[in-house]
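Chemist: Chain residues, written in single-letter form:
Protein chains: 2
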Amino acid sequence: MSNLLDEIEEITLMGPGPSCIYPEVYRALSLPTLGHLDPYFIQIMDGIKELLQVVMKTKNRLTIPISGTGSAGMEACFVNLIERGDPVLILINGVFGTRMKDVAGRLGAQVDTLEFEWGKPIDVEMVAQKLKDKFYKIVAVVHAETSTGVRNPVAEIGELLKGKETLYLVDAVTSLGGIEVATDDWGIDALYSGSQKCLSCPPGLAPATFSERALEVILNRQTKVPNWYLDMSMIAQYWEGKKRVYHHTAPINMLYALYQSLYLIVEEGLENVFRRHQEMHQKLVAGLEELGIKMLVDPPYRLPQLNAILIPEGIDDAQGRAWLLEKYKIEIGGGLGPLAGKIWRIGLMGYTAREENVNKVLEALGEVVNQK
Amino acid sequence: MSNLLDEIEEITLMGPGPSCIYPEVYRALSLPTLGHLDPYFIQIMDGIKELLQVVMKTKNRLTIPISGTGSAGMEACFVNLIERGDPVLILINGVFGTRMKDVAGRLGAQVDTLEFEWGKPIDVEMVAQKLKDKFYKIVAVVHAETSTGVRNPVAEIGELLKGKETLYLVDAVTSLGGIEVATDDWGIDALYSGSQKCLSCPPGLAPATFSERALEVILNRQTKVPNWYLDMSMIAQYWEGKKRVYHHTAPINMLYALYQSLYLIVEEGLENVFRRHQEMHQKLVAGLEELGIKMLVDPPYRLPQLNAILIPEGIDDAQGRAWLLEKYKIEIGGGLGPLAGKIWRIGLMGYTAREENVNKVLEALGEVVNQK
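Line by line, the protein sequences are chains A and B.
Using our numbering, read the first sequence as starting at 1 and increasing by one per residue.
Using our numbering, read the second sequence as starting at 1 and increasing by one per residue.
Incorrect hints may have been included.
Over 12 Å on every C-beta distance to chain B, these chain A residues come out as not near it, computed from the model [to be verified]:
(1) Ala72
(2) Glu159
(3) Met234
(4) Val285
Have a look at the derived ranges for each label pair, beta carbon to beta carbon [stated by the list, open to error]:
(5) A:Lys283 / B:Arg61: 42 to 48 Å
(6) A:Glu7 / B:Lys224: 35 to 41 Å
(7) B:Asp185 / A:Tyr40: 39 to 45 Å
(8) B:Lys342 / A:Val245: 17 to 23 Å
(9) B:Gln110 / A:Asp185: 32 to 38 Å
(10) A:Gln237 / B:Gln110: 27 to 33 Å
Here are a few chain B residues that face chain A, going by a calculated C-beta distance under 10 Å [said to hold, decoys possible]:
(11) Glu10
(12) Pro18
(13) Gln237
(14) Val285
No lab work stands behind these hints: they were computed from the structure.
Backbone N, C-alpha and C define an ideal beta-carbon position, used for all residues, glycine too.
Produce the entire structure from the sequences given, and follow the hints as far as they go.
Modeler: Structure, rendered in structure tokens:
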């Protein structure tokens with residue numbers, strides 16, 4: 001019987017996630033597994049909370065990783081805050097906003113949406129208008145729309161909601177660790193991310209944070225959270241306090257990996273990390289321009305960590321990407337939904353955002369362009 | 001800033017899970033991360049499905065790991081099969097049966113239960129009686145009740161259900177890889193397990209399987225599955241077919257680990273693995289008897305992989321376990337619910353089920369008994 005793992009080749013991950021993993025994170029993954037109630041493991045849990053508070057810029061005590069991938073983070077935020085019939089406004093300009101609508105709808109929310117062209121940012125003025133018409137229990141938006149490379153005006157939308165009873169729910173899957181995410185300053189009540197983007201950890205965890213206001217809403221629900229696995233009122237009892245109450249067995253080794261990646265980010269310094277992402281982005285864009293490759297998104301709304309480029313004319317989408325994978329061992333992403341076949345997505349997330357990777361992808365894309 | 005990971009000590013995990021991890025699984029965890037749509041990674045996914053089919057003794061094509069811990073497996077089975085108002089019968093004789101009731105109730109099922117004393121098995125005759133009174137869409141039972149060490153008569157209950165329209169849902173979290181789990185022969189329609197028990201992989205994945213009948217029920221629901229993250233109709237499209245449809249980013253490195261642990265089990269041979277568990281169990285029980293330590297469960301219903309012992313008289317529960325952890329670096333489990341303070345749980349799961357571990361825990365328990 002042959003073991004498929006023996007033949008895994010290292011790929012430079014420059015797609016929309018997973019990103020390249022820090023070597024120290026690989027090491028952390030294979031440290032000895034401890035029990036989920038081991039006193040030393042509980043210290044590591046506390047360490048993760050503290051590091052997440054720094055990276056998320058929040059004082060929220062309920063700041064913890066959800067035991068699932070980024071989408072489990074989305075599910076956790078909605079399922080804990082929504083009760084059947086609740087009015088929810090979702091701002092959509094890509095796949096992940098669309099997914100929010102599906103998630104909230106399944107939970108019985110009364111969902112309104114404001115939809116914008118994919119590749120363009122959310123229009124804050126239109127949101128302000130919409131908020132005048134109707135009270136929403138929740139307004140939800142994606143910060144960094146992974147499907148398009150657009151940075152949405154999360155701080156500005158937060159301003160509109162200040163002083164209101166509405167809860168502000170933000171998807172920071174692709175933003176956290178790549179650009180600023182100021183949870184408290186922006187008035188965010190529930191925020192989730194994923195381990196496999198700018199944190200450069202393998203996929204499998206969804207760091208999340210809930211404000212005191214959000215926690216109060218959860219603790220005062222009329223009905224139980226219709227999802228035992230993601231019920232934050234119980235999960236909080238495992239992650240907090242002197243006596244830890246077992247809920248589900250935590251994904252120990254993935255939590256080591258997350259601890260390590262947060263540790264490296266805090267050690268490098270958040271501002272330095274953001275600057276590195278920005279510099280690598282600029283270098284990439286300059287190189288792309290030289291190659292005559294165009295960006296999808298207008299400069300003010302571009303995410304440094306996720307660069308959507310128009311597929312060079314005459315190049316086949318799937319063939320081009322397969323060639324990059326086979327010849328250069330570089331993975332980039334295709335387009336999704338209406339952008340399928342039109343764009344490629346080049347990630348410069350976390351440990352991927354290094355000069356050697358930018359040079360490598362530019363060299364490879366140069367060959368693609370010249371080959372046609 | 002000190003790094004907490006630098007001080008992790010290796011602990012011999014002899015509690016109710018996580019169990020000791022195979023060295024090869026630690027290596028697998030830190031192999032280079034691939035993209036979740038990488039063609040080579042898709043081969044590994046297919047390999048995992050095939051290995052799981054062997055270990056679960058099933059031909060079900062929908063045999064895959066859920067991206068969460070064992071409890072996410074429970075959630076996935078119930079949330080996909082239940083629609084509001086569905087009649088469900090849950091057989092309870094421990095924590096995990098009780099958890100099933102909570103999970104199903106939150107989903108709006110009309111839940112009936114049959115409850116049995118903790119530490120005793122489910123009475124098949126009483127189940128047969130109950131099934132005469134009323135039609136149930138689902139009958140659910142825990143195979144290996146982790147909270148008590150009892151093996152429930154899953155095959156016999158399956159016989160009662162054969163030819164009926166009722167779906168048979170089984171928790172195999174602690175049984176899979178430790179004792180036989182014959183999914184198809186026993187007529188099981190939905191079954192889930194956890195990676196961190198007898199598979200000796202870190203916690204974080206819940207292998208699950210669904211029969212064709214169960215899949216048909218899922219595909220013909222009146223309402224959408226009220227949980228986007230665990231919707232099997234979408235997850236199946238990522239795990240099956242020629243064109244894989246992205247759902248959520250799979251937990252890549254954890255899947256490497258699961259592949260490796262299944263590979264080792266199949267390589268050793270299922271029957272050999274079960275025999276090893278049985279032999280280590282017998283050796284442990286013989287040693288415990290010499291020490292005058294009594295077992296909670298009557299011999300015919302004992303799980304080899306989870307041994308519930310009565311805490312020796314005069315020994316403090318928490319102090320005794322803390323002492324085992326500190327002096328011997330052995331973790332064992334305490335009791336839960338009505339058995340808290342009364343029993344200890346000694347796991348011999350997967351890679352833990354080796355002679356050196358049995359000797360080590362017997363030596364340590366000998367000191368505990370003589371110390372009092």
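Chemist: Verify that the Cβ of A:Ala72 lies farther than 12 Å from every Cβ atom of chain B, and report whether the claim holds or is violated.
Modeler: violated (5 Å)
Chemist: Restraint: B:Val285 near chain A, CB-CB cut 10 Å. Satisfied or not?
Modeler: violated (23 Å)
Chemist: Taking 39 to 45 Å as the hint, is the beta-carbon distance of B:Asp185 and A:Tyr40 inside that range?
Modeler: Roughly 43 Å apart at Cβ, these two residues keep to the hinted range, so it holds.
Chemist: So the hint says 35 to 41 Å: do the beta-carbon atoms of A:Glu7 and B:Lys224 match that?
Modeler: For B:Lys224 against A:Glu7, whose Cβ atoms are near 39 Å apart, the range 35 to 41 Å holds.
Chemist: Taking the shortest Cβ-to-Cβ distance between A:Glu159 and chain B, state whether it exceeds 12 Å.
Modeler: holds (30 Å)
Chemist: Go through the hint on B:Pro18 and say holds or violated, using the shortest Cβ distance to chain A against 10 Å.
Modeler: This hint holds: B:Pro18 lies near chain A, its Cβ roughly 5 Å from the closest one there, short of 10 Å.
Chemist: Verify the CB-CB distance for A:Gln237 and B:Gln110 against the hinted window 27 to 33 Å.
Modeler: holds (29 Å)
Chemist: If we take the beta carbon of A:Met234, is the closest beta carbon in chain B still more than 12 Å away?
Modeler: Per Cβ check, A:Met234 is inside 12 Å of chain B; nearest 10 Å; violated.
Chemist: Confirm or reject the statement that A:Val285 sits farther than 12 Å, beta carbon to beta carbon, from all of chain B.
Modeler: With a cut-off of 12 Å, A:Val285 remains clear of chain B, as the shortest Cβ separation is near 23 Å.
Chemist: Is 17 to 23 Å respected by the C-beta to C-beta distance linking B:Lys342 and A:Val245?
Modeler: The hint (17 to 23 Å, Cβ to Cβ) holds, given that B:Lys342 and A:Val245 are roughly 19 Å apart.
Chemist: Would the stated hint for B:Gln237 survive a check requiring a Cβ distance to chain A of less than 10 Å?
Modeler: Violated. Min distance 15 Å.
Chemist: For the hint 42 to 48 Å, verify it against the beta carbon of A:Lys283 and that of B:Arg61.
Modeler: For B:Arg61 against A:Lys283, whose Cβ atoms are near 47 Å apart, the range 42 to 48 Å holds.
Checked against the numbered hints listed earlier, the structure breaks hints 1, 3, 9, 13, 14; every other hint is satisfied.
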